[in-house]
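Sequence lines, in order, name chains W and Y.
For the first sequence, position 319 matches number 319 in my numbering, and the numbering has no gaps at all.
For the second sequence, position 418 matches number 418 in my numbering, and the numbering has no gaps at all.
I should point out that these hints are in silico values taken from the structure, not numbers from a laboratory.
For clarity, every value in this text was computed on a predicted model and none was experimentally measured.
We treat Cβ as the ideally placed atom computed from N, Cα and C, and that holds for glycine.
Incorrect hints may have been included.
[What the hints assert, rightly or not] Have a look at the derived ranges for each label pair, beta carbon to beta carbon:
#1 W:GLN261 - Y:SER67: 28 to 36 Å
#2 W:THR92 - Y:TYR66: 54 to 62 Å
#3 W:GLU349 - Y:SER67: 20 to 28 Å
#4 Y:SER67 - W:GLU84: 55 to 63 Å
#5 W:GLY200 - Y:GLY61: 47 to 55 Å
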Amino acid sequence: MLPSSLHPMSSLHRRAVGAAMLLFATAGAATAQSSAPPAGREQTADQQVHHVLNRLAFGARPGDVERVRKMGVDAWIESQLHPERINDSALTQWLTRFPTLGMTGEALIAKYPPPGQQLVRIAARQQMAGGAASRRGTPGSAAPSLTREDSLALAQSARDAARVTAEISTARVARAVTSERQLLEVMTEFWANHFSVFTGKQQTRYYIPEYDALIRTHALGSFRELLGAVAHSGAMLYYLDQWQSVADSGRRTLAQPRVAQLRPAQRAAMRRRLTPEQQQRLDNLAARRPRGINENYARELMELHTLGVDGGYTQQDVMEVARALTGWTLARGPQGGGFQFRAEVHDAEAKTILGQTFPAGRGEDEGERVLDLLASHPSTARFIATKLARRFVSDEPPAALVERAAATFTSTKGDLRAVLRTIITSDEFFADAAFRAKVKTPFELVVSASRALGGAPDATPRSAQLVARLGQPIYGRQTPDGYPDVADEWINTGAILNRMNFGLAVGANRVPGASVQSWSVAKELRNAPESAQVDGLVRALFGGIVSPETREVLISGTNPLLTQVGAGADSLFATDDDPDMMTPPANARARVRTRNANAPTMTPAEARQAARRNPMATLPALTGFPKLVGLAIGAPEFQRR
Amino acid sequence: MQRRVFLKSGALALVTMGLSPSFLQRTVMGMSLPRAARGKTLICLFQRGAADALNVVVPFGEKAYYSARPQLAVAAPTRTAGALAAIDLDGFFGLHPSLAPFKPLYDRGLLVPVHAVGSPSASRSHFDAQDYMETATPDNKGTRDGWLNRLLAVEGTCEANCTPSSPFRAVSMTQQTPRILDGASPVVAMNSLEEFSIRGGGGDAAARLEALYRTGKADLVHGSASEMFDAVKLLRSANPLQYRPANGAAYPRSPFGQRLQQIAQLIKSNVGLEVAFADVGGWDTHVNQGGAQGQLANRLGDFSQSVAALVLDLGDRMDDVVILTMSEFGRTVRQNGTGGTDHGHAGAMFVIGGNLAAQRTVLGRWPGLEREQLFEGRDLTLTTDFRAVFSEVTARHLGGHALDTVFPGYGARQQEWLGLLPSR
Numbered sequence: 001m002l003p004s005s006l007h008p009m010s011s012l013h014r015r016a017v018g019a020a021m022l023l024f025a026t027a028g029a030a031t032a033q034s035s036a037p038p039a040g041r042e043q044t045a046d047q048q049v050h051h052v053l054n055r056l057a058f059g060a061r062p063g064d065v066e067r068v069r070k071m072g073v074d075a076w077i078e079s080q081l082h083p084e085r086i087n088d089s090a091l092t093q094w095l096t097r098f099p100t101l102g103m104t105g106e107a108l109i110a111k112y113p114p115p116g117q118q119l120v121r122i123a124a125r126q127q128m129a130g131g132a133a134s135r136r137g138t139p140g141s142a143a144p145s146l147t148r149e150d151s152l153a154l155a156q157s158a159r160d161a162a163r164v165t166a167e168i169s170t171a172r173v174a175r176a177v178t179s180e181r182q183l184l185e186v187m188t189e190f191w192a193n194h195f196s197v198f199t200g201k202q203q204t205r206y207y208i209p210e211y212d213a214l215i216r217t218h219a220l221g222s223f224r225e226l227l228g229a230v231a232h233s234g235a236m237l238y239y240l241d242q243w244q245s246v247a248d249s250g251r252r253t254l255a256q257p258r259v260a261q262l263r264p265a266q267r268a269a270m271r272r273r274l275t276p277e278q279q280q281r282l283d284n285l286a287a288r289r290p291r292g293i294n295e296n297y298a299r300e301l302m303e304l305h306t307l308g309v310d311g312g313y314t315q316q317d318v319m320e321v322a323r324a325l326t327g328w329t330l331a332r333g334p335q336g337g338g339f340q341f342r343a344e345v346h347d348a349e350a351k352t353i354l355g356q357t358f359p360a361g362r363g364e365d366e367g368e369r370v371l372d373l374l375a376s377h378p379s380t381a382r383f384i385a386t387k388l389a390r391r392f393v394s395d396e397p398p399a400a401l402v403e404r405a406a407a408t409f410t411s412t413k414g415d416l417r418a419v420l421r422t423i424i425t426s427d428e429f430f431a432d433a434a435f436r437a438k439v440k441t442p443f444e445l446v447v448s449a450s451r452a453l454g455g456a457p458d459a460t461p462r463s464a465q466l467v468a469r470l471g472q473p474i475y476g477r478q479t480p481d482g483y484p485d486v487a488d489e490w491i492n493t494g495a496i497l498n499r500m501n502f503g504l505a506v507g508a509n510r511v512p513g514a515s516v517q518s519w520s521v522a523k524e525l526r527n528a529p530e531s532a533q534v535d536g537l538v539r540a541l542f543g544g545i546v547s548p549e550t551r552e553v554l555i556s557g558t559n560p561l562l563t564q565v566g567a568g569a570d571s572l573f574a575t576d577d578d579p580d581m582m583t584p585p586a587n588a589r590a591r592v593r594t595r596n597a598n599a600p601t602m603t604p605a606e607a608r609q610a611a612r613r614n615p616m617a618t619l620p621a622l623t624g625f626p627k628l629v630g631l632a633i634g635a636p637e638f639q640r641r
Numbered sequence: 001m002q003r004r005v006f007l008k009s010g011a012l013a014l015v016t017m018g019l020s021p022s023f024l025q026r027t028v029m030g031m032s033l034p035r036a037a038r039g040k041t042l043i044c045l046f047q048r049g050a051a052d053a054l055n056v057v058v059p060f061g062e063k064a065y066y067s068a069r070p071q072l073a074v075a076a077p078t079r080t081a082g083a084l085a086a087i088d089l090d091g092f093f094g095l096h097p098s099l100a101p102f103k104p105l106y107d108r109g110l111l112v113p114v115h116a117v118g119s120p121s122a123s124r125s126h127f128d129a130q131d132y133m134e135t136a137t138p139d140n141k142g143t144r145d146g147w148l149n150r151l152l153a154v155e156g157t158c159e160a161n162c163t164p165s166s167p168f169r170a171v172s173m174t175q176q177t178p179r180i181l182d183g184a185s186p187v188v189a190m191n192s193l194e195e196f197s198i199r200g201g202g203g204d205a206a207a208r209l210e211a212l213y214r215t216g217k218a219d220l221v222h223g224s225a226s227e228m229f230d231a232v233k234l235l236r237s238a239n240p241l242q243y244r245p246a247n248g249a250a251y252p253r254s255p256f257g258q259r260l261q262q263i264a265q266l267i268k269s270n271v272g273l274e275v276a277f278a279d280v281g282g283w284d285t286h287v288n289q290g291g292a293q294g295q296l297a298n299r300l301g302d303f304s305q306s307v308a309a310l311v312l313d314l315g316d317r318m319d320d321v322v323i324l325t326m327s328e329f330g331r332t333v334r335q336n337g338t339g340g341t342d343h344g345h346a347g348a349m350f351v352i353g354g355n356l357a358a359q360r361t362v363l364g365r366w367p368g369l370e371r372e373q374l375f376e377g378r379d380l381t382l383t384t385d386f387r388a389v390f391s392e393v394t395a396r397h398l399g400g401h402a403l404d405t406v407f408p409g410y411g412a413r414q415q416e417w418l419g420l421l422p423s424r
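Construct all of the structure, not just a fragment, from the sequences and the given hints.
Okay, structure coming up:
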């Protein structure tokens, strides 16, 4: 996590007065809540419906508001807390189109070997076939010469590797858009971000499909079980280097390595059976074999996954936890395989962790006891409660609520459903100050637009690519802290521009999962007068709750504040015929050329290609209802939830 | 973090001050935008992930360096070692061979390394240490804004009764505003110049969007949007898309190289750029780091080619530019069990500029690498607080004052300055 998200924010809180002011609830105004907890729920019944659909779900789909209202807000919350009782078979069926989703990391590596491993195989084959020719070079160092078939296989392998990431990202967006188990998806996203792994780190990507599934399994279950599942997962073992962490030389290990159990004569005999190349490869492997602890996972386990950076551990604790976890590895290393405990590299000496003594020789169980200790620590309860309250209530959640949620965490031994219930049924959750207090993340923005327009799940990776382009690639956070969950991290001059372009792209029908053309609301309103169209959009996209300025601008196209002082005339924006505005970034060179030739900036084929690459790159002129949709999704209210 | 204050930005603010936004356009055309003292620019480049300082600026004169890193050490420069050895700087330190593009800069007095520099905090957490370096308040997590942002607020070249500063006064070539630029002063964050526009949507779509956000509200969403509309207009009038690098500078096609090229574009477009920031990852080399070749060598190659292209491209304008490179901490002296290095302590920085006082030298006091000389028995000991470098550059390059505000709890400790720049 970024420590910034722990900092108390400056309190610029102004109490919202009256219904209109309430709509001004802003990040600055709503982060700190008044010290006295609200007595009862401050939000109106309509606001509560809009609120739960934006917080416990990724926004309302057509018909959702009526459904929640009919069921009752509290009954709906309780049903979402029990996803196992909700039928989601349509989505499950739809997802069968992605073959990589149900596969283990081991199976994926076997089926789609990483390009690097392919190269090694090609090199080995050439060494065997080439004989004398290959012996001239330094063994193992010369790059193999590639045949045409080899090159094709390598290119295919790179595509296959990309496919694993594409399918899991596409599935995550599709689930968020269409799953009936919305709260489960919200929590899956939350935990996948809390236990963040990076698809770009070597082989990590192959383990992400099974990782995504295990997180969903435990997302509303027990924190200890979730923590344990993550600790045993190929994705985390690989991403934070744990699989390579072994006892320091000089430490007593739990068992002797197999080679060391052989008599020297046996070893020499084995070696004689190998060719010189094979002996050299064996020696190279031995030289590369890990020797010593790697603190990476042990540190993040405490700093990011459990205690929090101020949770009361020391550098000594980091090293001791790393020692306790030596031997937690993958059965076949980079070739894949599931979790394995290797006694011969486990540091079997005694350790002291957070003041508690761990006696020598406990082996694999020692790591489990470390996870027990961390999961039940008061710092963990507070850290997890704070992050959950920040996700569901506000960037700077009320301290009293965090305390109650932490108390639930402790008393239920980390029952996540119970902790969540404490937060999302609280008066703080339904306070005025919490309404639209959160800025949507890029993932939430794209998914909520799709849901609002009643979109079918997007089977192409384009929606997921849009999320990435807006700054939040799925499983694409390089550092293990996950994406920050505060407004400041998502809103700046560049980000707000991209969000407006995204809105216009939706209006232009360029976002596959959010089709204006097939939207039921569009069909109803297509021939209505403009003010009726605006009212319909405000109902569909904002739950009917919108500032008077936004409504006014949508209807008249002008902002009274701006026109009064004549500043509108200074608007220097390009019109449709301005080539600069119509040109995708990747084509900057081509643009200069064609402009000199006084030719159109892009051929239609180029434009289609550019639009596939980036739906926001170049947009046609919008008029009428589609333009209103573009403006509404680009409007300030749609950036909040 | 500190809430942004948007009151002084945006068209409304201009209007209340009797200026219309077209003022901005006129000034750009006439190249008379308000600028920092003598148009100085500071470029900060952050190597995120903790770059291995001992293999960046190699202490080849240290025996202990070679015994601690049997597989990772870079060979001392000799006639026979050639391209796989350190590039000699002063008989004791050498540059990693992938930093070859830095050698001519060093020889011409445009670049100095600073060694054993960093944060006095003992934290080995990437996130804490990056925060400390960006807030410039080690071990104090209560600081909400970054030092580059604070320096903009007090620098004093454009306060009180002068004209509004450029929206491009501070630019971060990143998706999100980094901590170092977080705070009250306006900052533009963007991935690339080309993406920085409202794209089509129909004749008045952009104007209508502008109207939706220019409602006089000063929260984060509305304020950022107002700044954005100003900046987009200014950038269009400066037309940086027609840019060609000068002096045959060839930037790598990497994201980092392209971002540095765009910083050069902004500087040469005279849009009033005072502080620029970019970052580059991939330095967290726990596994198979490599020595003269390999993972770290590849990162360094891209890094040095990009920076050298920027220097070449800027040419004479380097007289008004300082480039500072930084990374949150160094790495363990000893290689770990997986052919890499773990989180350490002191690191190294490069200071690059056309007007350096210190030339052809490696700055900082070298603490040695023998066991008893190491920090906590394992890491390079710190002898220069990074704030000594930051504050000297702030004062002597940008003419910043109120160093107590920019570097709270540190202030103006001139006795710790390294003499990087001539006194003004």
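Right, here's what the structure says about each hint:
no. : hint                           : verdict
1   : W:GLN261 - Y:SER67: 28 to 36 Å : holds (31 Å)
2   : W:THR92 - Y:TYR66: 54 to 62 Å  : holds (59 Å)
3   : W:GLU349 - Y:SER67: 20 to 28 Å : holds (26 Å)
4   : Y:SER67 - W:GLU84: 55 to 63 Å  : holds (59 Å)
5   : W:GLY200 - Y:GLY61: 47 to 55 Å : violated (38 Å)
When the structure is compared with the earlier hints, a violation turns up for hint 5 alone.
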